[in-house]
Every structure is written in C-alpha cells, then in structure tokens.
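For reference, the chains in residue letters:
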Amino acid sequence: MSRHDHHDAHSEARPEPGSAVSADQPLIHVEGLHVQFGRQHVLRNVNLTVPRGQTLAIIGESGCGKTVLLKSIIGLIRPTSGRVFFDGQDLSTLSDKELTRQRIRFGYVFQNAALFDSLTVAQNIAFPLRQHFSYTDAEIRDIVRDRLEEVGLSDAIVAKKPAELSGGMRKRVGLARALAMNPEVLLYDEPTTGLDPIMTDVINQLIIRTRDHKHVTSIVVTHNMETIRKVPDRVVMLYPLPRLGRDEPQVLFDGSPEGIFQCRDKRVSQFVRGEARERLMEMLATSRRRSGEESAAPAAN
Amino acid sequence: MRGQAAAQLAPSLAKLPVMATAENAPHGSEARGCFAPLQAAADWLADLGHLVIVWFTALGDLALFTLRTLRWLFSRLPRRETLIPAFYQIGVLSLPVVALTGTFIGMVLAVQSYAQFRMMGLETRLGAVINMALVRELGPVLAATMLAGRIGSAMAAELGTMRVTEQIDALASMGTNPIHYLVVPRFLACIVLIPTLTIMADFMGVVGGAFYSITLLDVDYYHYWVHSKNFVNNFDLFIGVFKSLFFGAAIGLIACHRGFNCDPGAEGVGRAATRAFVFSFVTILLLDLFLGILLDTLNNYLWPQQARVV
Numbered sequence: 636m637s638r639h640d641h642h643d644a645h646s647e648a649r650p651e652p653g654s655a656v657s658a659d660q661p662l663i664h665v666e667g668l669h670v671q672f673g674r675q676h677v678l679r680n681v682n683l684t685v686p687r688g689q690t691l692a693i694i695g696e697s698g699c700g701k702t703v704l705l706k707s708i709i710g711l712i713r714p715t716s717g718r719v720f721f722d723g724q725d726l727s728t729l730s731d732k733e734l735t736r737q738r739i740r741f742g743y744v745f746q747n748a749a750l751f752d753s754l755t756v757a758q759n760i761a762f763p764l765r766q767h768f769s770y771t772d773a774e775i776r777d778i779v780r781d782r783l784e785e786v787g788l789s790d791a792i793v794a795k796k797p798a799e800l801s802g803g804m805r806k807r808v809g810l811a812r813a814l815a816m817n818p819e820v821l822l823y824d825e826p827t828t829g830l831d832p833i834m835t836d837v838i839n840q841l842i843i844r845t846r847d848h849k850h851v852t853s854i855v856v857t858h859n860m861e862t863i864r865k866v867p868d869r870v871v872m873l874y875p876l877p878r879l880g881r882d883e884p885q886v887l888f889d890g891s892p893e894g895i896f897q898c899r900d901k902r903v904s905q906f907v908r909g910e911a912r913e914r915l916m917e918m919l920a921t922s923r924r925r926s927g928e929e930s931a932a933p934a935a936n
Numbered sequence: 039m040r041g042q043a044a045a046q047l048a049p050s051l052a053k054l055p056v057m058a059t060a061e062n063a064p065h066g067s068e069a070r071g072c073f074a075p076l077q078a079a080a081d082w083l084a085d086l087g088h089l090v091i092v093w094f095t096a097l098g099d100l101a102l103f104t105l106r107t108l109r110w111l112f113s114r115l116p117r118r119e120t121l122i123p124a125f126y127q128i129g130v131l132s133l134p135v136v137a138l139t140g141t142f143i144g145m146v147l148a149v150q151s152y153a154q155f156r157m158m159g160l161e162t163r164l165g166a167v168i169n170m171a172l173v174r175e176l177g178p179v180l181a182a183t184m185l186a187g188r189i190g191s192a193m194a195a196e197l198g199t200m201r202v203t204e205q206i207d208a209l210a211s212m213g214t215n216p217i218h219y220l221v222v223p224r225f226l227a228c229i230v231l232i233p234t235l236t237i238m239a240d241f242m243g244v245v246g247g248a249f250y251s252i253t254l255l256d257v258d259y260y261h262y263w264v265h266s267k268n269f270v271n272n273f274d275l276f277i278g279v280f281k282s283l284f285f286g287a288a289i290g291l292i293a294c295h296r297g298f299n300c301d302p303g304a305e306g307v308g309r310a311a312t313r314a315f316v317f318s319f320v321t322i323l324l325l326d327l328f329l330g331i332l333l334d335t336l337n338n339y340l341w342p343q344q345a346r347v348v
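Protein chains in written order, with my numbering: chain A, 636 to 936; chain B, 39 to 348.
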C-alpha cells in the first residue's frame, strides 16, 4: 500500500461532509450564544454563521471571549444558553459518542500547542490516528512524515519530546497533529502569539497553504494585524461584555479584512491601530483617584 | 446557579444595615452600634450558606464524575497502552513504600503492646493482637493513607497540569473522551492494585511483627503463631481487603476529580494535589468508620455465637 493509498483510505473512513444536508447550508451556525462562568458573563447573544470553505478571523481584546467562542463551536464548553449547529446538527443534543464522531471532523490548534508532554512528536501526531483507526506502524510513520513535511519540519524531530522544541516548532507540530485526521474545519487559537515576526509569517503562510490545498473551513482567533491582512476572507470583532451597555451587541464588526481598517466605529479603529487612548485616561484617572484617597485619608485623621 | 444565588445574597444581606445607618438613620454612630451585631450575624450566616452550597455542589459534581467514570468503565475497557503505565505507576512503583509501611507498623505494634502484655504474662498472645490490628485496621488504613499521598497527589498534579496546559481539551478535541482515556485506567489500577498492595502491607506487617516479637523480644515462636491462627480468621482478612477496595476507589476518583477541576496556574496545580490528599484521607477515615460498623454488624449477624477472647 503506497502512502497516497492510505491517505485515501483515511479520507474514506471519516464521515461524509454534509451528507444529509444541502450544500449551501452553513457548516457552522451559532445562535444566541450565551456563556457564563459563575457570575462572570463572557458571551452574550452572539450569532455567527460560517459557510463551508470560508476563512474567518475572530479578533478582540484579551478576555472578550474569543477562545470561549472557539471552544463552544467544537463543544468543549457547553453554552449557558443558545445553540451551536455543526453541519445542521445541534451539538447540545448529541450524546458523548456522537459528539466524539463530530469532533473528528475538526482540527484544533491550541494557543500553546497543548502537545502531550509525555509523548514524542511522532506519538503526538499519530495520537488521533491510533485512537480512531487501525493503521500499521509503517503507515503511521508515513503519515507522520507527510504531516511534518506539510508544516515544514523534518522528520529528524520525531523522537523529541515537546519540551525540547522551540515555541514556533511546537505550534507547527500542533498544526501537524490537527491535520493528521484530514479535518474539514480548522480552529486556530492565537496561532502567532509569542512568535517572532518571521515565524509569524511562516504560520500565516501555513494557514493559507492549508486552506488552499485542503479546502478546509478555518476560524482563526488572533490579535495579529498582519494575520488579519493576509489570511481571512472575513473578520469578526468581539468586545468585552463589561465595557458594553446592556443592549449593545457584542459583535462590533463583521465584514471583510479591508473593511475593518476603514471602520468608523472608534472602538474598532482603535483596536486595529493599536491605540490605547481612553484606556490610558482610565488608567490615569484610577491612579489619580487612588492617590487622592491616600492623601485624603491622613487629612481626615 | 445555587452558588450564584448565595453569592448574590451575601452582599445584599451585608449591605442592608449599612444603608440604614449611613443614609437613613439620624444618629449614625448609635444606629451602627445597634446594627453591628446583626450585620455580623448576617455576614456569618451568608458565609456559612455559601460554604454549604459550595460543598454540596462539589459533592454533586464528584457524584456525576463517578457515574461517568463507571459508565465508561462498563461500556469499553481502556487500551493496553493506557492501562499498563497506570498499573506500573500505581502498583509497581508503590511496592517499596507500602512494604516499608507494613513492616514498620508490625514492629511498632510489637514494641507498644509488649510491655503491657508482659506485665500480665500474656506476651505469647502478642501475635493475636498485632495480626488482628494489622489485617483489620492498620494495614488497610495506613497503606491507603500512604498511597493517597504517593499516588493521589501525583495523579491530581499530573491531570491538573494537563488541564492547565489544555492537554485535556486537546484530547477531547481529537475525539477521545478524557474520562475514558485518563480516568478509567487510573481508577481501575486503584481498585485492583490498592487491595493487592494492602495484602502486601498486611503480609509485611505480619512478618515485621513476628520478627520483632520472636527474635528481639524472645516471645515463644510456637505460641505466637498458634494464638495468631486461633484469633485471626479469614473474615478479618476479608474485612481489611474489602475496605481497601473502597479506599482505592475513593483515592482514584477524588484525585482524578481534583485534577480535572484544577484552577489555573502553578498554585492551582499545587492546591489540587494537596486537596486530593486531604479529601482522600478524610474519606478514608469516614469510610473506615462506616464500613467497620457495617461489617461488624454483618459479622455478628452471620456468626452470632462467636465470641473471641485473646
């Protein structure tokens, strides 16, 4: 069996995309999503539709709920209310086993790669294959080598443990592991955070190449403006709930990457230009208030 | 939700008298003095209520976690490659510490009981007392305590680190159930190997007690063993091993549950490891008491005429 043969066999083994639904149905549909942890509300009434094949970037300040949205889409976080549909199926109605079957259709690249530190690089990439298929060792070796090649790594690192790799290499191995199952959807959680500009560009190009070669639907959570310029077809910007009024929508912008740089909403334009402005004023006001309280206290005494 | 309600109640209860004193009451200081005990009582009540709710929520969560573990255990056995490392970690690597614990319990029992028994001229009965205390009580409880410290904390820290570094989420995202992959092998290893290790601790304790009594305290060899044999029966051994089965299950479930619900950061992992040990230890003591009562009742019911004298 050649390498390409078992790749085909592998593709056949996964569920047929959109088998029971029409082709124009959105692959991912989020409806009235509300997520709350204890007393902290993170997402409120978020609606999002991602058509098949689209590359979507989700941007926003730290703590605005980007990662929570991404994890809700794959069912890692159960929404407090609202529904997430994947390929026409409501994830909240699925049993553990059905959810597992659907998750195989996703590839998730975690912020810090989340490689299993007790396993080698090869074992990490082979992990989902060994869990869901009965490939021989030789076949697994071939697939691992192919996936590493796709992310621009040589198979000299297969025996290394994740702790021995650099940050950029770890992210690429994370991407190789996410690609191992030939997913239909790739979710990237801050893929370029903490990397140097060269490695950031490498990761951006890898996301583009994966999209073009494998025709996957991609959702990229990012802060990186270069990524927003180069990678997505569409950009959605979320805003932290504590800074919003009661009836204001949490999605501030939903449009093209070109459009976001011309957006007139001050909150959007300040974010894409990296201007702190009001935040600096708030910081100054807080420190002034604090110093005022401190000086008032001895006077009162 | 209930936790949230209590948390919301606490500030509103606390605020009530303050509002009355500061805003409405004409003589602020007098009124504050009058309301202060009431406010302290309200605060205390709200804190207590919050604590009770937190405890009940955690207990309910542990019960659900146990149910999910049992469901996965009976629906599909874990793979060999996940079972063997768990069995090795929990069983093989715990052998030295358990053997050492057992041996020393046996010897310490001999040292502590010898003087009293000698005063009454009953030193040949030492075997009966040492071995009975060992197989029924001290062997299982002390072995389980040692294992809660060695295995429980390690499992909670390992799973906690996996939770913090998103490795558990990564497992789930690849279509592998984390409870089936991580918890079931550890739980199985605990319920199979902790009773086995308890038998090992009992054996080493018997050997240690006999060695100290016969070799160092010059107790008669023949009578030491005859009294042991007459006094300790198979049901006593069964009680010890039966209890250790529950201790093993408690250690496995509590440690894995703590690891799965670990708070972020190094502090969270440390806290998970500590709590895994403390909660396991308290559970071991509680189980020991209630299982002891239950099994004694069963013993009296099965053999009502049996009375044993040292």
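One or more hints might be untrue.
Said to hold, decoys possible - Take a look, some chain A residues computed to stay more than 10 angstroms from chain B by CB distance:
1) R679
2) N682
3) G717
4) D731
5) D752
6) E799
7) N817
8) H850
9) E910
Stated by the list, open to error - To give a feel for the contact side, a few chain A residues facing chain B, derived at Cβ under 7 angstroms:
10) L711
11) Q766
12) F888
Claimed, not checked - Derived, one-sided and incomplete: chain A residues facing chain B with beta-carbon distance under 7 angstroms:
13) G667
14) I712
15) R713
16) T735
17) F745
18) F751
19) L764
20) F768
21) G787
Hints listed in this document are in silico derivations from the structure and should not be mistaken for laboratory results.
As the structure is a computational prediction, the values presented were derived from the model and not from experiment.
Ideal Cβ placement from N, Cα and C applies to all residues, glycine included.
Hints and how they fare:
no.: 1; hint: R679; result: holds, 16 angstroms
no.: 2; hint: N682; result: holds, 23 angstroms
no.: 3; hint: G717; result: holds, 17 angstroms
no.: 4; hint: D731; result: violated, 6 angstroms
no.: 5; hint: D752; result: violated, 7 angstroms
no.: 6; hint: E799; result: holds, 16 angstroms
no.: 7; hint: N817; result: holds, 13 angstroms
no.: 8; hint: H850; result: holds, 21 angstroms
no.: 9; hint: E910; result: holds, 30 angstroms
no.: 10; hint: L711; result: holds, 5 angstroms
no.: 11; hint: Q766; result: holds, 5 angstroms
no.: 12; hint: F888; result: violated, 28 angstroms
no.: 13; hint: G667; result: violated, 19 angstroms
no.: 14; hint: I712; result: violated, 9 angstroms
no.: 15; hint: R713; result: violated, 12 angstroms
no.: 16; hint: T735; result: holds, 5 angstroms
no.: 17; hint: F745; result: holds, 5 angstroms
no.: 18; hint: F751; result: holds, 6 angstroms
no.: 19; hint: L764; result: violated, 10 angstroms
no.: 20; hint: F768; result: violated, 11 angstroms
no.: 21; hint: G787; result: violated, 22 angstroms
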